[in-house]
Each structure stands twice: as structure tokens, then as C-alpha cells.
Amino acid sequence: MIELSGISKSYNKGAVKAVNNLSLTVRPGEIFGFLGPNGAGKTTTIKMMVGLLTSDSGTIKINGYDIEKEPLQVKRSLSYVPDNPAIYEKLSGLEYLNFLADVYGVPAKVRRERMERFLSLFEMTQAVGDLIQSYSHGMRQKIVLIGALLHQPQVFILDEPMVGLDPKSAHNLKEYMREHCAQGKTVFFSTHVLEVAEKLCDRIGIISHGELIACGTMEELKAQAQNTGSLENIFLELTEA
Amino acid sequence: MKFINLIKLQLNVTFNFSAFKWYARHDKKKILGAIAIATILLISLVPFYYHFYINLVKSVYQGGYSLGQPEFIFTLAAVVFSMMVLVFGIAFVMSTFYFSQDLSLLIPLPFSPHEIIGAKFVTVLVQEYLTVIPLMLPVIIIYGTGVQAGLYFWLAALVTTLLLPIIPLTIVSIAVLAIMRVTNLGKRKDFLRIVGMTLLIILLLGFNYFVTRLTAMSQAELMNLIFAREGLARLVSRVYPPALIFTRALAAEGLSAVLNLLLFAALSLAGVALTLFSAERLFYRGLIGGEEVSARKSISSEQLTKKITQTSSPVWAIVRREIKIIMRTPVYLLNSVGVTVVMPLAMVVPLLAGDAVDPLLSLLQTVQSRLLLNLGGAALIGFTAAFAPAASSSFSREGRQFWISQVMPVSPREQINGKIIYSLLLAISAMPLVFLVSAFITHWSAVELAIVTVVGLCISIPSITISLLLDLMRPYLNWDNPQKAIKQNMKVIAGMVGTAVMYFLLFQIAKFLVVQKYSEFMIYAGVIISSLILGAIPYFVMLKIADQRYREIVSP
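So the protein lines, in turn, are chains V and U. Heads up: the first sequence begins at 380 in the numbering used here, then just goes up one per residue. Heads up: the second sequence begins at 6 in the numbering used here, then just goes up one per residue.
Derived by calculation from the structure, the hints in this document are not laboratory data. It cannot be assumed that every hint is accurate.
[As the list claims (entries may be wrong)] Here are the simulated DSS-like pairs of lysine-lysine, each with C-alpha atoms no more than 30 angstroms apart in a straight line:
(1) K34/U - K396/V
(2) K488/V - K33/U
(3) K469/V - K34/U
(4) K34/U - K516/U
(5) K329/U - K488/V
(6) K329/U - K396/V
(7) K488/V - K392/V
(8) K34/U - K448/V
(9) K35/U - K516/U
(10) K553/V - K440/V
(11) K312/U - K547/V
(12) K26/U - K396/V
(13) K26/U - K392/V
(14) K7/U - K26/U
(15) K396/V - K601/V
(16) K601/V - K553/V
(17) K488/V - K549/U
(18) K392/V - K33/U
(19) K311/U - K469/V
(20) K516/U - K396/V
(21) K392/V - K311/U
(22) K34/U - K7/U
(23) K553/V - K488/V
(24) K440/V - K549/U
(25) K311/U - K329/U
(26) K63/U - K516/U
(27) K549/U - K448/V
(28) K549/U - K33/U
(29) K440/V - K578/V
(30) K469/V - K440/V
(31) K34/U - K392/V
(32) K549/U - K392/V
(33) K516/U - K469/V
(34) K553/V - K578/V
(35) K440/V - K396/V
(36) K448/V - K329/U
(37) K547/V - K578/V
[To be verified] Derived coverage of chain V by chain U (criterion: at least 3 residues anywhere in the stretch with Cβ under 8 angstroms from a Cβ of chain U; other residues may be distant):
(38) 422–434
(39) 463–471
C-beta: ideal position from N, C-alpha, C; glycine also.
Produce the complete structure using the sequences and hints provided.
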């Protein structure tokens, strides 16, 4: 469960409001899509949720834990996949996964089962022994994804996860997100691929100029925009208004 | 014109001019903070510079002057500074030429290899000036005012100082271009490059040894040479012959000086031309294909099981991560571990070659007390920890990957403990040197070796914790080539200054205990306890601020 309550973040001593008084709740078992034009505040919001940025005001709770007061519990509850992951180039994929399994305290037997499953799911079994510096962009994205799934987080937060993934891996990821939520866990992801959001998400939030301008199921968004067309039409209408 | 633009761009990126301008307009506080830190660091270096370096230059000048050879100071300066550029330039040049992240942008642009290397060479040269000019200034001023030099001298001094790092840099550049070409062999290339760099250093030191050996001569021959005209200069410049031309360009009389100046400039230009020519032939062949790997092999279920059965605690996972990254990144390895091997070797090799061990041995034998020798041995380990920038660049080296440390569920306290443990492990890399010193000079017993090791590691702790603290306060994460995390990182200098303060205090404590004639046990215990207390202060400050710093630091 994710609870954002009145969070704001500004840069340059308040000159640039990246996120303005944003409140949002994502329930267990829900896939939530976070949309918005470039520079709307999506990544800033996500970075505040995972503890990479501090908010100027408001509260963030993940799985019931406050990120300011109980940061370690929050970190144990979530997994984060950034939009352009920089990872240790001089480690092999396997060493990177082992490192994450160690820091998340995943027992050897469990990590083996999960690694085998996810390496196979994302077709990384052959490459996992190589240094990450030899990986393509998509392979890096996949190894970060696998690393993020090793401890089976309650809350899975992804920033533009489909970028760089081949169609099969993107499909497998979407399938996994559904499976994850079916277990009562939460998925929150940002994307520019509106078709994916429309088909995959239980609810969608649209952010523009740092403010949440719309939030709800597809039906609710259509009602709010008074537009019965596709998500693309609704998105363009709301963000250009 | 486009070459000039490329140089301007490279200088801009290297020295962050655009970023400075942006911060000057939008975030004055940040830029003022950076300026304040740089100023404090510079001021803290002034006593060392003034009392130690300038006095050293003065006494070398006076020594030469009393033999009627005041110009000797130039030969010595040219040899020492050129050797410095040669040895420390290897990792610097390799990293700037081959590991900059802007290469993937530059190569597809219509630049030829010699233009890219030419521009990068200029940035390295400018950075070398930042060291060479402050070191040359006192040499020039002390000599110039001492002999009341005329206008030619001051002009020639300006030109030769600017030329001085060029020849050694071109030697290093050509060697690095060749090493990278020969070692561009897929999976094992990092290992081969470390071997290549080590061989190059051995070659340089071997040359030094060989030349010094050649000069071994009888006492009478030596005296004749020393008292001959330019005797000292000719003797010392055998290690690095251009030093003699450099000296004559500044101190010879009349036309000879001008001719030597022209010769020195011509040699420098020839070096640059050869570098650019080599770049055209070798650069792309050493670079392109570097990311390719041999055919990937699938890992079987059994292999996977084998490789993941060794689970470890988060702290040890961090220790292992840090050590693997240092060992596999040639630039880090050379700067962290290499320094601990290269520095002492660079000092010991000429001594061994020049038959200077005997006098050194007799000097050390005059040190009556084994206590002082043991403390000296411990100090050797302490200095290794201080000179290897493993701790002082620990947070900075994480660079763009710092986000992982911020989001993982491991408390900053545990992460810091991991960093302290691996820094201590790296301090142990001084042990071969300790054994070497023991075998040839001090002949420590097993118990004494144990004392040296334990006291040495304890002495290292304040250096490690103060360096980590200074880096944590303002880590430099936004670098685009690993060398910058060390070479352009003020925290590395700050760490050394911090360590100097800590070691000064420890020295005073040890001196007090020795002078007061406490028992050996009490002195060792006193040094150990003082080290632990001094180390604990930055450690607890770090723990106090770590949670907040981990939240405040914005990963690039």
C-alpha cells in the first residue's frame, strides 16, 4: 500500500515547483499507472517515494511505514527500478544479484529458486556470468528488474520500466505485474506508453506541472474528462487544458 | 577550428565551467560552499608548502650554489617532476583517453582519432600544470633572485615550465596507446591492462635502476664529476636526459641558452607529433571492440547453486562489492593499491641501486631502541592507509550507482562499517613492504611483526574514519570517468590534510610517552588507545549525520 499525503517538492529555493501538494493512495492488489508529460514531476514523485529525494512537505507511507521515521522498514517493503539504471559495471550479473540478495537477506535456497525463475523469464541465464559492462541497455534493465524481484517486495515501484525491453520481456514483465498484484501486492509504475497503461492498470494518475490533475479507473477518467475516447485522447485533453 | 572547439569543450567538461556558471546564477550557496572548501584546503596546505617545500628548495639551491653550480636545482626539479608525471600519469592518461563516458558521443562525430586524443591530451596537460606550476614557482624565484637573473631568464622560465610536463606526458600517452591496443582482448582486458600498467611502471623504475647503476663510480671519479662544470646536473640528468637541456635553457650563457630552449621546445613538439601519429594508428583499435565479450555460456543449475551458496551479511556483502570493484577497475587499483607499492618502490629502487643501503642501515642501527623501529614500521602501514585514497573517495567512487546504497535496506551505519573494513583490508596491502623492510633492514621477530601490524592497523583507523567523514559530507558523485572520482576530488586532498592532523596528534602523544620513559607496553597501548579514540570521533560524527546525508544527497 502506498499513501502520499500533500507532498511537495521544489527546486531553486522554491522557484521551480516540481511536485505540488500531491495526495494519492494505491491499495494492495492494485496496479497503478502514473502518467504525465516530460518534466511533469513523475520521477521526482517516485524518487521521494523510494527515499532518493526528501519532500519539502507532506507524508509518504509505504506499507504503513513513514519514510521519514522508518526508512529501513520502507526500504525492506519496496523494490525500485529507475528509468535509466546505473549499476556496478565491474560486477557480473550474478554478483550483482547475489549482492542484492545479501542486503535484502534472501536465504540461499529461496534466492536460487527465484534467480532461476527470473533469469529464465527474462532470458538472462546465458549472460548472468558476464560483467555488466558488456550488457546492452535492455539487458541492464532486465538485471535491475530481476534484482528488484529477488526479495518479492510488497510494493514494486518502476520508473519507465518498458523502455529498452524487447517485446517478449515487456510482455513477461506485464504478466508478472498481474501475478504480483494477484498476491495482494502493489505495483506503481510510470510510463509514456498509454496503451500499456490502459490495458494493464487498475487505476491511473495523470500529473502535469507537479499537480495530480486526474486519478481513477479508465471509466472515472473518461467521466472526468467528459471524453469517451481512448486514454490517449483523455491524456491530451487533460494535459493540454 | 573544430579542433579548437573540441579542446574548449573538453576543458569545459573537465573543469565544470558551465556547471559553475549555472550554479553561480541559480545556487550561489552551493558554489560558495565549494569555494570555501577549496580555500580551506589550500590554506591548510600553506604551512606544509611554505615550511617544508620552500625551505627544501632553498637548501638544495644553496647546496648547488656553494659548489658553484646553482643551476643544479633545475636539473633536480626537472627530473623529479618529470618522473612524477611519468609514474602518476599512467592511470590518469589511460582513464582520460579510454574510460571517459563522452567517448560514445565523440567517436560518431566527424573527428579523427588524433583530434580526440589531442583535445584530451590538452586537458591532462592543463591538470598537470596545476601541480607542476606551484612546484616550479619557488625553484624559479629562488634561483632568479639568487643569481639576479635578467629578462631572458624570466621569459625562458615561463616557457620551459609550460613545456616541462609535455615530454613525460607524451611518453606516457604513447605507452598507454600501445598497451591499450595490445591488451584489447575481450573478457580478460581489464586484467591485462593492470598487468600492462604494472609492467610499464616496472620498466620506468628498472630504467631508473639501470641508469643509476651505470653511474656507480669510485669516490674519486664521483668527486671529479661533482666539481666539474655542470657536474651535478650531468650526473642527475642521466636518469632523465631532457633535464640537462631544460637546465641549460635556463642557466647556460648567451646563445647556448636560446639553442637549448629551442631544442627543448622541439623535443616537446616532436613528442606531441608522435603522440598524435600514434593516436591515429592505435586509438580506435585499442578502444573499439572493448565492450565485446566472448560467446556467452549458459550457467547450469548446479553452477548457479554453487555460486550462490555463500550468502553473507550486508556488511560483508558491501566489503566484497567494494573490493571486487577496486580490483577490477585498473584506475582504482593503481591509485589505491598501486600507490602503496609504487611509492615505496620508487623510493627504494634508487637507494638499492646507488649503494645507499649501507649508510641507511648504519643509520638505522644507530636507532638503539627496537621500540622506535617498531613504531616506525607501524607508521609505514599508517601512511599506506593515508596515501591510498580508498577511504577518502569511498562514497565518491559510488558515483551514479549511489542510488543503490540509498534505496537498499541497509542502515548507513552498516554501510560505513563495511567501508571501514575494506579500507583496513587495503591498508594490509602494505604488509609485503613491511616484510621487505624487515628482511633487509630491521629484522623484526614474529612478535615484533605482530606488534607492528596491530599498531599499524590501529594507526590507520583515524585516517580512514576522518577521510570517510570528509567524503560523506560532500561526495563527488557526478563524474564521467573513474579517474575524476580520485584525481579531481578535493575530498582526497581533504582526507590527506585530515589525516595529517590526526597523525600529528598521534605523533605528539607517542613522543610524550617515549620522552616520559613509559614502559614499551604502555607506549604501544597508549598509541593504540589514542588511535582508537581519535578514530572514534569522526566515526561517531559520521553515524550522527549519516542518516540525514543519505537522504539529502541527490544521486546524479
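Okay, the hints, checked on the actual structure:
no. : hint            : in the structure
1   : K34/U - K396/V  : holds, 19 angstroms
2   : K488/V - K33/U  : violated, 53 angstroms
3   : K469/V - K34/U  : violated, 36 angstroms
4   : K34/U - K516/U  : violated, 43 angstroms
5   : K329/U - K488/V : holds, 24 angstroms
6   : K329/U - K396/V : violated, 41 angstroms
7   : K488/V - K392/V : violated, 50 angstroms
8   : K34/U - K448/V  : holds, 28 angstroms
9   : K35/U - K516/U  : violated, 42 angstroms
10  : K553/V - K440/V : holds, 25 angstroms
11  : K312/U - K547/V : holds, 28 angstroms
12  : K26/U - K396/V  : holds, 22 angstroms
13  : K26/U - K392/V  : holds, 17 angstroms
14  : K7/U - K26/U    : holds, 23 angstroms
15  : K396/V - K601/V : holds, 28 angstroms
16  : K601/V - K553/V : holds, 24 angstroms
17  : K488/V - K549/U : violated, 37 angstroms
18  : K392/V - K33/U  : holds, 11 angstroms
19  : K311/U - K469/V : holds, 21 angstroms
20  : K516/U - K396/V : violated, 59 angstroms
21  : K392/V - K311/U : violated, 53 angstroms
22  : K34/U - K7/U    : violated, 36 angstroms
23  : K553/V - K488/V : holds, 26 angstroms
24  : K440/V - K549/U : holds, 24 angstroms
25  : K311/U - K329/U : holds, 19 angstroms
26  : K63/U - K516/U  : holds, 29 angstroms
27  : K549/U - K448/V : holds, 15 angstroms
28  : K549/U - K33/U  : holds, 27 angstroms
29  : K440/V - K578/V : holds, 27 angstroms
30  : K469/V - K440/V : violated, 35 angstroms
31  : K34/U - K392/V  : holds, 11 angstroms
32  : K549/U - K392/V : holds, 26 angstroms
33  : K516/U - K469/V : violated, 45 angstroms
34  : K553/V - K578/V : holds, 10 angstroms
35  : K440/V - K396/V : holds, 22 angstroms
36  : K448/V - K329/U : violated, 34 angstroms
37  : K547/V - K578/V : holds, 16 angstroms
38  : 422–434         : holds (count 5)
39  : 463–471         : holds (count 5)
Comparing the model with each earlier hint shows violations of hints 2, 3, 4, 6, 7, 9, 17, 20, 21, 22, 30, 33 and 36; every other hint is respected.
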